[in-house]
Amino acid sequence: MKALLLAEFFKLFRQSRTYFALAAIFIIEAIVFVSAYYQGSNIIDILLENLKQSFYFEGELLNANLLIYLVLNTLWFHLPLILMIVVSGILTSEYKDGTIQTVMLQPVSKRKFILSKYIVAIVFTLVVVLLLALTSYIFSYAIFGNGDLIVYLDTLNFFTADEAIYRLSWAFALGAISMVFFSVVSLTIAVIFKEAAKTWIIAAFFLIISNLLLKVDFGNNWFNRLFFAKLNDTWQYLFVNEINWTYIFNSSMLLIVYSIAFIGIGVFIFNRRDVG
Amino acid sequence: MIISGTSISKSYSSNRVLDSVSISCSAGEICGVLGSNGAGKTTLFKILCGLITPENGNVEINSNRIKPIGAIIEKPALYDYLNAIENLKVFAGIQGANTDPDALKEILVRVGLPTDRNDPVKNYSMGMKQRLGIAIALLNNPECLVLDEPFSGLDPLGIASLRKLIINLAKKDKLAILLSSHIIDELSKVSKTLYVISNGKILRKGATQDIISSNTDKYTFCASNIKESKVLNNYDVSFKGNCASVKIEQSDVPNLIQNLYKESILITSCSPEVNMERLFKNPGE
Numbered sequence: 617m618k619a620l621l622l623a624e625f626f627k628l629f630r631q632s633r634t635y636f637a638l639a640a641i642f643i644i645e646a647i648v649f650v651s652a653y654y655q656g657s658n659i660i661d662i663l664l665e666n667l668k669q670s671f672y673f674e675g676e677l678l679n680a681n682l683l684i685y686l687v688l689n690t691l692w693f694h695l696p697l698i699l700m701i702v703v704s705g706i707l708t709s710e711y712k713d714g715t716i717q718t719v720m721l722q723p724v725s726k727r728k729f730i731l732s733k734y735i736v737a738i739v740f741t742l743v744v745v746l747l748l749a750l751t752s753y754i755f756s757y758a759i760f761g762n763g764d765l766i767v768y769l770d771t772l773n774f775f776t777a778d779e780a781i782y783r784l785s786w787a788f789a790l791g792a793i794s795m796v797f798f799s800v801v802s803l804t805i806a807v808i809f810k811e812a813a814k815t816w817i818i819a820a821f822f823l824i825i826s827n828l829l830l831k832v833d834f835g836n837n838w839f840n841r842l843f844f845a846k847l848n849d850t851w852q853y854l855f856v857n858e859i860n861w862t863y864i865f866n867s868s869m870l871l872i873v874y875s876i877a878f879i880g881i882g883v884f885i886f887n888r889r890d891v892g
Numbered sequence: 099m100i101i102s103g104t105s106i107s108k109s110y111s112s113n114r115v116l117d118s119v120s121i122s123c124s125a126g127e128i129c130g131v132l133g134s135n136g137a138g139k140t141t142l143f144k145i146l147c148g149l150i151t152p153e154n155g156n157v158e159i160n161s162n163r164i165k166p167i168g169a170i171i172e173k174p175a176l177y178d179y180l181n182a183i184e185n186l187k188v189f190a191g192i193q194g195a196n197t198d199p200d201a202l203k204e205i206l207v208r209v210g211l212p213t214d215r216n217d218p219v220k221n222y223s224m225g226m227k228q229r230l231g232i233a234i235a236l237l238n239n240p241e242c243l244v245l246d247e248p249f250s251g252l253d254p255l256g257i258a259s260l261r262k263l264i265i266n267l268a269k270k271d272k273l274a275i276l277l278s279s280h281i282i283d284e285l286s287k288v289s290k291t292l293y294v295i296s297n298g299k300i301l302r303k304g305a306t307q308d309i310i311s312s313n314t315d316k317y318t319f320c321a322s323n324i325k326e327s328k329v330l331n332n333y334d335v336s337f338k339g340n341c342a343s344v345k346i347e348q349s350d351v352p353n354l355i356q357n358l359y360k361e362s363i364l365i366t367s368c369s370p371e372v373n374m375e376r377l378f379k380n381p382g383e
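Chains A and B, in that order, are what the protein sequence lines are.
Per this note's numbering, the first sequence starts with residue 617, numbered consecutively.
Per this note's numbering, the second sequence starts with residue 99, numbered consecutively.
In short, the hints are calculated from the structure, not lab data.
Every residue gets a Cβ at the ideal spot worked out from N, C-alpha and C, and that includes glycine.
Do not take every clue at face value.
In silico lysine-lysine, DSS-like type, Cα no more than 30 Å apart, as pairs [claimed, not checked]:
#, chain 1, residue 1, chain 2, residue 2
1, B, Lys220, A, Lys814
2, A, Lys712, B, Lys187
3, B, Lys220, A, Lys712
4, A, Lys728, B, Lys203
5, B, Lys187, A, Lys728
6, A, Lys618, B, Lys220
7, B, Lys203, A, Lys712
8, B, Lys303, B, Lys316
9, A, Lys726, B, Lys290
10, B, Lys290, A, Lys618
11, A, Lys728, B, Lys220
12, B, Lys203, A, Lys618
13, B, Lys290, B, Lys173
14, B, Lys360, B, Lys338
15, A, Lys726, B, Lys203
16, A, Lys810, A, Lys728
Partner residues aside, some chain B positions facing chain A, computed with beta carbon under 8 Å [what the hints assert, rightly or not]:
#, residue
17, Lys144
18, Ile150
19, Ala169
20, Glu172
21, Tyr177
22, Tyr179
23, Ile183
24, Gln193
25, Gly194
26, Asn196
27, Glu241
Modelling step: build the complete structure from the supplied sequences, incorporating the hints.
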């Protein structure tokens, strides 16, 4: 298994596609910084003109914490989309080039082979989220400086600078679980559809539908609490005044269970199907 | 017998791709599978290599090695963005074979590939890819090698070179080699035993030369002055440049060559023309 994992990491980081994807993620991050640098102050001033007359805000409102929060919002669509393309590609490219057949002609367990791909996908996703978090912290603090965080979630929520860092860090950690879920789903889609174009379309469709369903209120019932599409905004619950840790813990655990289930489905299908 | 498949059948939807096919190959033997495109050769090889499951029949492999069979099916599928050594390293690593650079270079030498090229294999010719594919197939010392259409896409020099390598692997390393082609000329030069497959059924099996001669009713004789021959007037003959295609029994060929010699016609080549219609005709029909 260790040899399979090493081979998978070696292949992943020798493919130019991986670096294009990483570049895309960090270009999006840079665009957020640049646009905030040139336009952010004006927008915030207009939005908060009245509030500024009644409240005292410590530091600039266009600060590192707000920028990190803005970068965090790429977790809704941009980051999972890019991750899904890269992760599904680690299998679809093997089908396209026929290398999966060459691998299966070696004395290699099908179950271990596909499991190693899932593990690499998870590790890669976690590393990307970690890199995104690190770069957003480093660059935003270097360029914009510290300050209080203001977030609009139904209502305006204010957090002191120290509180903001704490919540943002947790948000990245919980967001990583959501990203892992989407990565795992994309790999399972690749197991089912094999072909890159089909897989990308279905993966993008899955992501869009998940985001749409997230906004739909199914009422206060079990479906609303347990449906996977409803669990991908858990990190947002860190930006309400009173954090409901029980809800966050349960949702995160449930999302991990969903991820494991998708891995199980992928391994089962791959193991049963003929290669070739 | 290193590998044998017995009564193998396979269908895709309502299409019967293989119908009770039996095949076997011993150590040091080269067995050719001749069939047109879509005859079922690749499906048969995939089943023998365990890539797909047959509906009926079974495959028996008499080998205790970690990897009993090495194979290239359809084309040598490699990681195009990696160089030859890296490809070998990946495939050796995943199966627990030796990944030591010297050991990997030794395998490259064994298949006649240069050890000093560091560029990605996407730059390699088809012949070089075939050789690298064989190098990967040979990792972990299998006792059987399965090669599906190994000569397709190769130039004449590449075909001759690969043919030599295949013969050497069977002769020196005692590998059982199963190879397929849709061109009889290629198989006749390497394989000892021949299986003729059509529409998923084995039509003939036996010694390659026996099958060829029993299905040959014409021979092509070439000589610079072949058109001047009077002896050839006694035969059903057609000329193409300096060659004559003559309808003749195999047993009469030496006599004809002698008679042509008497006419001062020096034959430079004589090759059989297999009657493909007869070869691929079901003996039961």
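Those earlier numbered hints the structure runs against, lowest number first: Numbers 9, 10, 23, 26 and 27 - these are the hints that the structure violates, sorted from lowest upward.
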